[in-house]
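With the hints as extra help, turn the sequences into a complete structure.
As you go down the protein sequences, you meet chains A and P in turn. Add 909 to a position in the first sequence, counting from 1, and you land on the number used in my numbering. Add 334 to a position in the second sequence, counting from 1, and you land on the number used in my numbering.
Calculated directly from the structure, the hints in this document are not laboratory data. Hints are not guaranteed to be accurate.
[Said to hold, decoys possible] Taking CB as the label site, the calculated pair distances span:
no.	chain 1	residue 1	chain 2	residue 2	range
1	P	Arg473	A	Leu1087	53 to 61 Å
2	P	Val628	A	Arg928	31 to 39 Å
3	P	Gly409	A	Ile960	51 to 59 Å
4	A	Met1086	P	Gly464	35 to 43 Å
5	P	Asp505	A	Arg928	26 to 34 Å
6	A	Met952	P	Gly464	45 to 53 Å
7	A	Asp1177	P	Pro506	29 to 37 Å
8	P	Gly369	A	Leu1087	27 to 35 Å
9	A	Leu1087	P	Val628	53 to 61 Å
The beta carbon of each residue, even a glycine, is placed where N, CA and C say it ideally should be.
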Amino acid sequence: MTAGRIGAVAVSVFRESVRDRVFYNLLLFAVVLVGASVLVGQMTAGQDIKIIKDLGLAATSLFGLFVAVFIGVGLVWKELERRSVYSLLAKPLRRTELVLGKYLGLALTLAVNVAVMAAVLYLVLAWMWWTSPENLRAAWEAPALDPALLVAFLLIYFQLLLVTAVALFFSTFSSPMLSAALTFGLYVIGHFNADLKHFESIVESKPIVWMLRGLYYLLPNLAPFDVAGEVVHGQAVAGGYVLMTIGYASVYIAFLLAAGAHIFARRDFK
Amino acid sequence: MHAIHTEDLTKDYALGFWRKRPYRALDRLTLDVEGGEVFGLLGPNGAGKTTTLKLLLQLVFPTSGRAEILGRPTGDVAVRRRIGYLPENPYFYDHLTAVELLDYFGRLLGLSSADRAARIPRLLDQVGLGAERRLPLRRYSKGMLQRVGLAQALVNEPEVVFLDEPMSGLDPIGRRMVRELILGLRDRGTTVFFSSHILSDAEAACSRVAILAGGRLVSSGRLADLLAFGIKGWEVVVEGVSREVADKLRAGAASLTPIAEGRYTVELPPSARPDQVMAEFSSAGASVVSINPVRDTLEDFFMRQVAEHGHAREVRL
Ligand SMILES: Nc1ncnc2c1ncn2[C@@H]1O[C@H](COP(=O)(O)OP(=O)(O)O)[C@@H](O)[C@H]1O
Ligand SMILES: [Mg+2]
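Right under this line is the structure:
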């Protein structure tokens, strides 16, 4: 396992995504956010900065989700489909290193993506603050340039890292279409996962309750990554909670990558 | 230690969507290639050449048997530093230029930036890529991709090079470039293992060949022996042939076909000797434009091998 080789693969993924898709994605995000805030500012005369924050965080999640899934499912698949993997794996690069490098490359892309989106949001908020009269500012539940927003962005990023790992895992053995569908499916389920735990109040049958319990622990639980509600309303998010959530993501990602690499390392490239 | 060694190397592919049944693409291939050899793996389409190379690079896993490169098992990552591989109909990354691709691969091979900067332009010159080396690969023709493929296979100055159909997709000038490249590698002591379905490609470069058909080794040995085996006759083009000489030739030769005024194609039996033919024609007042051996195509050769020896048997020439 050599960091240099994994790094070389990661940098190549990053460069590719920067060259084609991600830039437009960011541009679109910035335009949507600025446009929306101007609109909201006109309609409400700057009364509610919460809408902008909500919009910014939701858009970061959504755009990030598309980048994570659509690039994620193609990372490994494209190498196989285009047969570029033949010459690549003739180099001193283990298949596991290839999978890890691809993942880290997209993780880097997403980091830049989320960072730029955060910067755009702060700029828009700064502008809102600048153009709002003193009495309005006083009515805001949280300051415009609230550092707590960074916590929300951080957890969004870890959620995206988890989603990327899911997409990459599926793509080591299925087509991009199927992988994308499965990943989106898990994303949706992941947000309602907590309900599975409380099914015993509705369902009588013990085996079904156990099964749903099992699913609850097996499927990714994504709801905890969403702290936009708290942050926007100026409620504190505990440091311990953030660390726990990041820890959960890291363990889940490690399992997915290990399983994906395991499958990929045994495949025939036909 | 052999440069390349395979032992009963066998690969079954699963065919069929629902009910999988095995299809044997390569059947118990046993082969040794010595260091410094230029070895040709020949056979018609579907013979199992690409499968053999993919097994050697561990892009597919053998059903049974084993393979070694430079005395190490094929899965060994360290040995990849010392080998190069040109896949069949290579394809790389749309968004990279040839220079960027070689730089990326150079990094993976652990080459220093000084080495990369020195070697990459030289290699691209050698394979005949000009200013287009700075264009993204999505704009490359098949022949240009083949050239990039050759360059990336050599970027680490490998000890053993695997080339799958290296001449395919190239024009005659390109084919000559590949031939010269292979001979240059041989002169440096590099082992070259290449596949082709065209006999003349092998003729120009190989010291030894193995012939595959239907996944099985049909024959292996020195190329000269194989070629003598394959000559069916000679085709001579002569010029300045008078009517009388033509009539005289017609009586003796197997066939005589007029091409243009005073110019004929003469077919001679395999026993004819080129030097004698030259002498006889000039004494008859005609001049020889060209003499070419008429050979079996590989397909003809395989058909006969199969007919004579049965499919399963290995024939040593
Ligand atoms: N991925 C695959 N799945 C099923 N059959 C395959 C696959 N790859 C090759 N084959 C079959 O294996 C045989 C050998 O193929 P190949 O090694 O590509 O031959 P060659 O390179 O000599 O043309 C052929 O009959 C081919 O159809
Ligand atoms: Mg082939």
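Numbered hints the structure breaks, given as an ascending list
1, 2, 6, 8
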